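Given these sequences and hints, build the entire structure.
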Amino acid sequence: MDEVAPPKPKDVADLWHRLAATDILARVAPYVTQCGDADAIRSLELLRSCLPATTPTDTLQALEDRIGLLREWQLFLADWPIAVMPVSAQPPFRLDEDIRDLDSMRKLIDAQAPLLAPVRARPPVCLSAYRTL
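With this note's numbering, the residue at position 26 of the sequence shown is 26, and numbering never jumps.
What the hints contain is simulated information worked out from the structure, not anything from laboratory work. Please read these numbers as outputs of a predicted model, since none were measured by experiment. Do not take every clue at face value.
With beta-carbon atoms standing in for the labels, derived distance ranges [claimed, not checked]:
1) Gly68 - Arg106: 24 to 32 Å
2) Asp58 - Leu95: 28 to 36 Å
3) Asp2 - Cys35: 46 to 54 Å
4) Lys10 - Pro30: 25 to 33 Å
5) Pro56 - Pro81: 31 to 39 Å
6) Ser104 - Val28: 35 to 43 Å
SDA-like cross-link-like pairs, simulated, lysine to any residue; straight-line CA separation at most 25 Å [what the hints assert, rightly or not]:
7) Lys10 - Arg71
8) Lys8 - Leu95
9) Lys10 - Trp73
10) Lys8 - Asp23
11) Lys8 - Arg18
12) Lys8 - Asp39
13) Lys107 - Leu95
14) Lys8 - Arg66
15) Lys107 - Asp39
Cβ atoms here follow ideal geometry from the backbone N, Cα and C, with glycine treated the same way.
Okay, structure coming up:
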C-alpha cells in the first residue's frame, strides 16, 4: 500500500457544498419543514446557515467544475484503482451534535469532507470499524 494524496480533496468538499446547497434547500427543506420534528428542523436551519447561497448560475458553474474534478479523479484512479480513505476526520459525533449550535454544525460538515465526493469515478465502499474507548 502506498500513501498518495488524492486530487484536490478540499476542492471536492467545497464543490459538494455548492451542489448540495441547491439540492437540500430546494428539494429536501420543504419536506423537513412540513414533516420533520423540531430537531430535524433545527438541524436543517443550522445546515442552511453553513451552506453557501446559490443561484441557478452558481449551480451550473458547480456542475461544470465537477467535470474537471471528475477527470482528475479518473486519471488518479487509473493509476491507483483503490483509494482507502476515512469517511470522517473525527470519530462519530455525539447525539444531538447537529442541533447544538452553528459552530458544532460547521465542525461536523468539515469533518465529513472525505464522504463528500460528488466527483467519484467509481462507487464508494464503506467498511465500518467500531472501537469502544
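Each hint, compared with the structure:
no. : hint                       : verdict
1   : Gly68 - Arg106: 24 to 32 Å : holds (26 Å)
2   : Asp58 - Leu95: 28 to 36 Å  : holds (34 Å)
3   : Asp2 - Cys35: 46 to 54 Å   : holds (47 Å)
4   : Lys10 - Pro30: 25 to 33 Å  : holds (31 Å)
5   : Pro56 - Pro81: 31 to 39 Å  : holds (36 Å)
6   : Ser104 - Val28: 35 to 43 Å : violated (20 Å)
7   : Lys10 - Arg71              : holds (16 Å)
8   : Lys8 - Leu95               : violated (31 Å)
9   : Lys10 - Trp73              : holds (13 Å)
10  : Lys8 - Asp23               : holds (23 Å)
11  : Lys8 - Arg18               : holds (15 Å)
12  : Lys8 - Asp39               : violated (34 Å)
13  : Lys107 - Leu95             : holds (14 Å)
14  : Lys8 - Arg66               : holds (12 Å)
15  : Lys107 - Asp39             : holds (18 Å)
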